[in-house]
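Asker: Residue-level listing of the chains:
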Amino acid sequence: EAQVTQNPRYLITVTGKKLTVTCSQNMNHEYMSWYRQDPGLGLRQIYYSMNVEVTDKGDVPEGYKVSRKEKRNFPLILESPSPNQTSLYFCASSWGGTRGEQYFGPGTRLTVT
Amino acid sequence: SQQGEEDPQALSIQEGENATMNCSYKTSINNLQWYRQNSGRGLVHLILIRSNEREKHSGRLRVTLDTSKKSSSLLITASRAADTASYFCATISQGGSEKLVFGKGTKLTVNP
Chain W
1 EAQVTQNPRY
11 LITVTGKKLT
21 VTCSQNMNHE
31 YMSWYRQDPG
41 LGLRQIYYSM
51 NVEVTDKGDV
61 PEGYKVSRKE
71 KRNFPLILES
81 PSPNQTSLYF
91 CASSWGGTRG
101 EQYFGPGTRL
111 TVT
Chain P
1001 SQQGEEDPQA
1011 LSIQEGENAT
1021 MNCSYKTSIN
1031 NLQWYRQNSG
1041 RGLVHLILIR
1051 SNEREKHSGR
1061 LRVTLDTSKK
1071 SSSLLITASR
1081 AADTASYFCA
1091 TISQGGSEKL
1101 VFGKGTKLTV
1111 NP
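Residue numbers (the working numbering), protein chains in the order written: chain W, 1 to 113; chain P, 1001 to 1112.
Just so you know, these hints were derived from the structure itself, not from any lab. All the pointers check out, no bait thrown in.
In silico lysine to any residue, SDA-like type, Cα no more than 20 Å apart, as pairs:
| no. | chain 1 | residue 1 | chain 2 | residue 2 |
| --- | --- | --- | --- | --- |
| 1 | P | K1104 | W | G40 |
| 2 | P | K1104 | P | Q1009 |
| 3 | P | K1099 | W | G42 |
| 4 | P | K1070 | W | R99 |
| 5 | P | K1056 | W | E101 |
| 6 | W | K65 | P | K1099 |
| 7 | P | K1107 | P | A1082 |
| 8 | P | K1104 | W | G42 |
Input sequences plus hints: build the corresponding full structure.
Answerer: Here it is as structure tokens:
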């Protein structure tokens, strides 16, 4: 089944404790991206990747890192999480960059205390 | 950088009625996409309309695009309780940027 998976689905952590949210897709998509969704602010793009070893900042990249060492994986790293990073995070992938249908993962609800 | 803005923010209708949601955007676009999100879940792609298209259908969905007014509408006909969800439009600007920008969404409630 074609899908985007994220882990963990739920995470409660404390300020400053490094964490990684994994994202994996099995559709051989070149384009992958990360969004955060907050009430009243909608979805905002954090980072995106056009292909392996090619990443670029979205609209809200501060406090996040990404890497794209393999085509299928695009982990999101929070080196020192802060409470303002409490949010619902989504990974997405597509074959045609942003011009094509985006396939979204199920989301990761992160709480930073 | 907000591009698409949906209207209304919330819509409540009875099962069987039609639901219309609108999206306005600011700059010229290559295409416009509509997505649905059930509460707290990942977004699901509904339909993509290109800038040279005016109307597109998919099952009970009808999307129109008016590039002169920089607006699009999503019509769901004969709505069902299962259509209850938030609906988002997403656009990318012409000019090479690969950022897909989502609006804040319309929350649709279909009452049985």
